[in-house]
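Student: Protein chains in written order, with our numbering: chain U, 1 to 232; chain F, 1 to 308; chain C, 1 to 226.
In case anyone wonders, no lab produced these hints; they're calculated from the structure.
Some hints here could point you the wrong way.
[As the list claims (entries may be wrong)] 25 Å max Cα-Cα, derived DSS-like pairs, lysine-lysine:
{"#": "1", "chain 1": "F", "residue 1": "LYS43", "chain 2": "F", "residue 2": "LYS243"}
{"#": "2", "chain 1": "F", "residue 1": "LYS262", "chain 2": "F", "residue 2": "LYS43"}
{"#": "3", "chain 1": "F", "residue 1": "LYS261", "chain 2": "F", "residue 2": "LYS290"}
{"#": "4", "chain 1": "F", "residue 1": "LYS74", "chain 2": "U", "residue 2": "LYS19"}
{"#": "5", "chain 1": "F", "residue 1": "LYS74", "chain 2": "F", "residue 2": "LYS95"}
{"#": "6", "chain 1": "U", "residue 1": "LYS27", "chain 2": "F", "residue 2": "LYS43"}
[What the hints assert, rightly or not] Some chain U residues near chain F, calculated using beta-carbon distances under 8 Å:
{"#": "7", "residue": "ARG15"}
{"#": "8", "residue": "TYR16"}
{"#": "9", "residue": "VAL20"}
{"#": "10", "residue": "PRO82"}
{"#": "11", "residue": "TRP134"}
{"#": "12", "residue": "PRO152"}
{"#": "13", "residue": "ALA174"}
{"#": "14", "residue": "GLU181"}
{"#": "15", "residue": "ALA202"}
{"#": "16", "residue": "GLU204"}
{"#": "17", "residue": "ALA224"}
{"#": "18", "residue": "ARG229"}
Predicted model only: the values in this text are computed from it and were never measured.
For every residue, glycine included, the Cβ atom is placed at its ideal position computed from N, Cα and C.
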Amino acid sequence: MPLLFLPDWVEPVARYMFKVGLPATLKVSAIALTTSTLIGVTLGTLLTIHFFPSRALIRTYIEVWRGLPIIVTLFLVYFAAPQISPTLEFGPLTAGTITLTLWGSAQIAEATRGAVQSIPREQHEAASALGFGWTGRHLYVILPQALRRLIPPLVSLLVGIILNTTLIQVIGGAELLETAERSVERLASPTPPEFTPGDIKAFEIYGGVMVMFFLITFPLTRLAAYLERRLV
Amino acid sequence: MKRLLVVTFAFALAVGVITAATTAATGGKAESAGRRAEAAKPKLPALPAEVRNRKRWIIGVKCDVPPFGYINVKGENAGFDVEIAHWFARYAFGKANRVAFVCAPTPAREPLLTTGRADLVISTFTYTRDRDTRIDFSRAYYKATGRLLVKNNSSISSISDLAGKTIATTSGSIYDRWVRKCFTNATLSVFDNLTNARLAFDQGRADTLMWDDAGLVPLAAADRNSKLTNDTFLALPYGIGIKQGNVAMKRWVDSRLALMKKRDTFMQILRNNVPKRFVAGFSKNILRPKNNFAYAPAGAPAAETVCP
Amino acid sequence: MTLALTYDLWGFLSENWEALLRGLGRTIEVSAIAVIGSFLIGLVLGAARAHRVPVVSQLATIYVEVIRNTPILVQIFFLYFGLGQFESTRFDVFTVAWLSITIWGGAFNTENFRAGFEAVPYRFREAGLALGFSRLATFFNVTLPIGGRIALPSSINTYIAVVKNTALLYVIAYEELTTTAFQIQALTLETLEAFTLIGIVYLILVWSLSAGIRVLESHLALPEAR
């Protein structure tokens, strides 16, 4: 990349980050967002049913995964779960995806509950009058309206997920921040055996990572604000 | 005209086929000759089934500890440990690239094995009897010792000067336990990878960086403002981490390590990874035909519980 | 290693309670400073943005957008290792700990307060001005009390997030609760006990804060909301 104003150590670092780190970040974010939405919308809708046991369970799920710091959830999923059962072993990226799904679905469930409950009673009554059962009512009348109100929080959640993928760095997963961090150390003469650990470029590299995330998430944040105005 | 073209084409095809056949034959002949020679000696242990079926190794290595395991400018894994892994791929599958690397910073090494996420861990992995209760180790392949990296103007000249100082190291390492046990009047600053520990030392947030000589020597060599103290402590032979109870794997690994020792392969790997001026010094720490070392005998107390 | 045979939460707790308690103390310390700091930053900058104070509100906007659109983990690394490259900006661990979380919380809180102040119906502010209050006095006597209460729910969420984000200080080896627990389990491998214990502690902390502040909220709520 002939970016003339950047020093030449930038090229290999940037290449490593874009080839390995960025796709991992995007993949984890995409999967986490999709599964969070599916699980969250389902749980949120079920939460509106006045049946104590289910509401208690779902409410517990929501409060636990929203209440724990995400990094603690991540440690539980990555380090502690294998001690419960050997089948619960996950690689860093998978553990990260699971953690973000747990957190994201809890957020979405709460938002869905709010959105569904904000639909006026008249809609429910009209739908019942037309002969819809509970499922039909929710599927064809309530949820379409509620989901419109969910879109701004969903975009905000995407931003949250993307930013929180950096936590995977802590368990060694090769996402954007980690690939940058590994580059902090090894910048120098390219061919062994004359290996020299390079100068530390921590300031530039962490600054660069911040810029990169900003470029990804700022448009999304603007989009969320715009949608908030238009759709709600 | 057409006939000329057909003849030329057939001729070129024939040449191509013959060349290919010859190279394959000679290559094959060399291989089968080698195999016959191998077969003449007592058979080496067979490759464990799970690796054979996968047709690739999955090996955990360090990604930030030059010259043992790091990421080079092309974004590939490189280093002494990494090259051992490539040799294992050659021994197992005939191709050096049949290995997938997983980064194994210090706290992740054991979980990688106990949960089966990696076949082997070749990651500056010091043998300790405590670790041996949870995983298995191959025979020793590198004889490291602990060193202290200090700034040139530091008041620390040996481990007896550590009272009241801040020591940076990696979490879960031997040094972590040893300092907590033996240097209770020093402050410990643990990070989960060597890069951050080194950054902390570089920025003066810790007075000294305590780690294996193998990792610290290149750092001291490159940084004119820091140096190693003269003392060495804790004999810390590296082993290859293997999942506990996997006897077939241990036999295979030990046999290949013995083979590499006999052929002085480690010297070649050392020369590929370490600047010339360090080769002589490091060559005393690797397995060579006349250079033997092993773990501490079973009766001796664990290294990290013995205070100086 | 089946769970039932080796899971010993009580044993883990009794062996390590001093270290864990110290860790918890540091968590609370940093959280307290960060909450107060975020409150002040949010108040001042939120007011500046709501009233479109020149220069200050533009700078505040940049501050808010940068902090909200970058991961907090990177902000922590940047403050500790990035700025630490230069002698003049090399802060110690404790400073980076509370500073990074405060900066993060302050950005979100600025948005909360801005929204709150802007939601105060204009007629209230008009009334204040009509009664002879200066612009500043109107702010303190009319906009702030009402806008502050409107902003309360979202501010509370930010403060709770601040408490949870102190767990991230693990990465700079600041010995708060998560770091302490992680280091203990790195040595003793009682991984499940360590993390479930701090999980429980964080949930208690977060839930009781949540509940306590809801009580506060009901006392402070505006008459029409009651």
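Student: Please go over all the hints and tell whether each is borne out by the structure.
Tutor: Against the structure, the hints come out as follows:
A C-alpha spacing of about 24 Å is found between F/LYS43 and F/LYS243, which places the hinted pair at or below 25 Å, so the restraint holds. Between F/LYS262 and F/LYS43, the direct Cα distance comes to roughly 16 Å. Compliance with the 25 Å bound is thereby established for this hinted pair. The hinted pair formed by F/LYS261 and F/LYS290 meets the criterion: a straight-line CA distance of about 9 Å does not exceed 25 Å. A threshold of 25 Å between alpha carbons decides the hint, and for F/LYS74 with U/LYS19 the separation of about 11 Å falls inside it, so the pair holds.
For the suggested pair F/LYS74 and F/LYS95, the alpha carbons sit about 20 Å apart, so the restraint of at most 25 Å is met. Note on U/LYS27 and F/LYS43: the hinted pairing is violated, with a Cα-Cα distance of about 46 Å set against a maximum of 25 Å. The restraint placing U/ARG15 at the interface with chain F holds, with a minimum CB-CB distance near 7 Å, inside the 8 Å limit. Evaluation of the U/TYR16 hint against chain F yields a held restraint, the C-beta minimum of about 4 Å falling below 8 Å.
Annotation: interface hint on U/VAL20 holds; nearest CB of chain F at approximately 7 Å, less than 8 Å. With a cut of 8 Å, the hint placing U/PRO82 at the interface with chain F holds, because the nearest CB-to-CB distance is about 5 Å. Against a cut-off of 8 Å between C-beta atoms, the interface hint on U/TRP134 is violated, since the closest Cβ of chain F lies about 43 Å away. Violation of the interface hint for U/PRO152 is found here, the shortest Cβ-Cβ separation to chain F being roughly 37 Å, above the 8 Å cut-off.
At a threshold of 8 Å, the smallest CB-CB gap from U/ALA174 to chain F is about 7 Å, leaving the interface hint in force. Nearest Cβ of chain F to the Cβ of U/GLU181: about 6 Å, under the 8 Å cut. The hint holds. Hint status for U/ALA202 relative to chain F: holds, with the closest Cβ pair at about 6 Å, below 8 Å. A hinted interface residue such as U/GLU204 counts as satisfied when its beta carbon comes closer than 8 Å to some beta carbon of chain F; here the least separation is about 14 Å, so the hint is violated.
Hint status for U/ALA224 relative to chain F: violated, with the closest Cβ pair at about 34 Å, above 8 Å. For U/ARG229, the interface hint is violated, the least distance from its beta-carbon to any beta-carbon of chain F being 43 Å, above 8 Å.
Checked against the numbered hints listed earlier, the structure breaks hints 6, 11, 12, 16, 17 and 18; every other hint is satisfied.
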